[in-house]
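Going by this note's numbering, the residue at position 554 of the sequence shown is 554; the numbering climbs one at a time, nothing skipped.
Since the hints were made in silico from the structure, they are not lab data.
Some hints could be false.
As the list claims (entries may be wrong) - If you anchor each label on the Cβ, the simulated ranges turn out as follows:
1) G652 with E402: 50 to 60 angstroms
2) S604 with E455: 40 to 50 angstroms
3) D37 with E266: 22 to 32 angstroms
4) V44 with E69: 44 to 54 angstroms
5) Q493 with K275: 39 to 49 angstroms
6) S604 with D45: 31 to 41 angstroms
7) N533 with Q493: 25 to 35 angstroms
8) Y41 with N449: 17 to 27 angstroms
9) L212 with E266: 17 to 27 angstroms
10) E242 with S339: 46 to 56 angstroms
Where a beta carbon is used, it is the ideal one built from N, C-alpha and C, also for glycine.
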Amino acid sequence: MESEKKQRINELISELNKYAYEYYVLDNPTASDKEYDKKYYELVDLEKETQYILPYSPTQRIGDTNLNEFQKYTHKAKLWSLDKAQSIEELRDWIIKNEKFIREYNASHEEQLPSLRYVLTKKFDGLTINCTYDDNGILIKSATRGTGEVGEDITAQAKTIKSLPLKIDYDSAVEIHGEAIMTKEAFAEYNKSAEVPLKNLRNGAAGALRNLNIKETARRNLSAFFYDVGYNEGIHFNTYIEMMDFIKNNGLPVDKYIKICTKLEEIEKEIEYIKNIRDDLSYDIDGVVLAIDDIRTRELMGYTIKFPKWAIAFKFEAQEATTTLLDVEWNVGRSGRVSPTALLEPVELAGVTVKRATLNNMDDIQRKGVKIGSKVFVRRSNDVIPEIMGISEEDDADNTKEIAPPEKCPYCGGEIIREGVHYFCENTLSCRPQMVKSIVHFASREAMNIEGFSEKTAEQFYEKLGIKAIADLYRIKKEELLTLEKFGEKKTQNILDSIEKSKNCDLASFIFALGISNVGKKTARDLSKKFKNFESIKNADFDSLISIQDIGDIVAQSVIEFFKNDAILNSIKELIELGVTPNFEEEEAVQNDFMNKTVVVTGSLKGYGRIEIKEKLESLGAKVSSSVSKKTDYVLVGEDPGSKYDKALELGVKILNEEEFNKKILNL
């Protein structure tokens, strides 16, 4: 009986580890959560009953203990750092040096080295881990890099990484290097309930692995990518590609991106590609690693005191920096929300000088412990305004002061009220920033589409023409416009024509133009399709609103509250009296390949802008999504597609280029 139970334990471990590999590494689960849980708890009960617990059992991933201290671990082979290049010129010099080595060696030796091939991989921004498997394939140790020769034993912490196999099918001792990372999704989920929010992904990963409380490590839900075999008592690899295949075939997670290049021009193109997709990734990278593929060439080139000569990291410009918060400026948005913006001591970040950063609201400020005078972490992605992630360890609390919300509107002096975590100016009718932003939104392309309209134009209308309500736009006279700066005869007539043309608008655009909280263009379309006319939308009750797919309680309540406001109703009445006529035309989507399908668009399309392609797909009855999953039916790919294209390939989702898309809709 005892032997049967042990046999069952072995079977369960094998099945559960297989399920975990399929789920966390392949992203292709074959068992339901219910089935996994049933077998997992059967295993727990059997282990408890028999006290037969194998070191690679999934029950050993997360312990309940707090470790007293970190133990030192001496790596079987040294973990080297990488030399760095921050320009193409530095990279060119490194490649020239490699080519010279090959030429000189081949000229003086009978043995001939192959032409140089470079393997490119992403440089992950996490914490290096070295995983040691014994000659039974069992994970016996995980350690940090440390000095490169001696690290810290983080075996218990590493076992919380669900994609890390606790046993591999290999019968020789081996050390495999990787990078533990925290994904953006895990970061956001952790910060939802964290008493002290994490500042960035790298600190989230490093802090998790260097935490003696294993349960806290598990809460961070770390991931990992592996990319090197440092010590190996088994098979010999002839190339780096063979090594990577070995890592992958033994069930360790390997990033999908791996490219082979032979020329600098190819390398430049790949570096530019990785730069472009950097912000679309669900984890942080800080560069691209280039390594010579041929292992014999590596052995002959050798090492400097610090670095291998056969590899280099091309480093991107930093996306994070530390600087001082000098002051806080309060700004008023279109909805009247009064939001804080941090004024910073200028700092170079991702190629630009950063002087301002986002501070979301007072709750966010207090959670992050940010004060005026604080040394703060600032992060920037693409062209998005930088955000303060938290305070630096260098912060001197004695020289800081608390950030206080304004008591009056900083622009109009109106009363400030607090709703939830936000502050609002109640003076909606004559607060300049609110009015200017409302005019710009009303005139925008997806709303009333008044061409040639900008924030500067709206500011002039407000300041010099006394436009204090949306309806005033339809009362503007030609002679008034001609008095404005840079308004000549042609520009004036164009704006007047566009204002007049906007009176005949579609219902969805009009609803969107009104600026109802939580109602974007898609929701405006959904409302229009459901109710067909403006009066019905205005009078809709809660139940009829939430009966619309994708409209929930919050949106429904926003619509109802909006149309309860007498000032808003009077403003709308005025617009209609001035000739604004929202109309709805029923569009019957002809049966086509995109009807009721989920479509993701990535890259630049020649014949469509982002808004046009979204509207086109929705008119065909498609649902346009921003992320690729197994439920995606098509990915429409333009020039320079990002990581969504790679995800589509990985999941086997149908990919269409623009020409194929146009052929499919040609006869509709």
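Against the structure, the hints come out as follows:
In this structure the hint that G652 and E402 lie 50 to 60 angstroms apart at CB holds, the actual value being about 54 angstroms. Between S604 and E455, the C-beta spacing of about 26 angstroms breaks the proposed range 40 to 50 angstroms. For the pair D37 and E266, the beta carbons lie near 48 angstroms from each other, so the given range of 22 to 32 angstroms is not met. Between V44 and E69 the beta carbon distance is about 29 angstroms. The supplied range of 44 to 54 angstroms is therefore violated.
Separation of Q493 from K275 is about 44 angstroms and conforms to the stated range, judged on CB atoms against 39 to 49 angstroms. Range check, S604 to D45: about 56 angstroms between beta-carbon atoms, so the 31 to 41 angstroms window is missed. Checked against the given bound of 25 to 35 angstroms, the beta carbons of N533 and Q493, roughly 33 angstroms apart, stay inside it. Distance hint check for Y41 and N449: the Cβ-Cβ separation is about 59 angstroms, which falls outside the suggested range of 17 to 27 angstroms.
Separation of L212 from E266 is about 46 angstroms and departs from the stated range, judged on CB atoms against 17 to 27 angstroms. Distance hint for E242 and S339: a CB-CB separation of about 54 angstroms, consistent with the stated range 46 to 56 angstroms.
Of the numbered hints given earlier, the model fails hints 2, 3, 4, 6, 8 and 9; all others are met.
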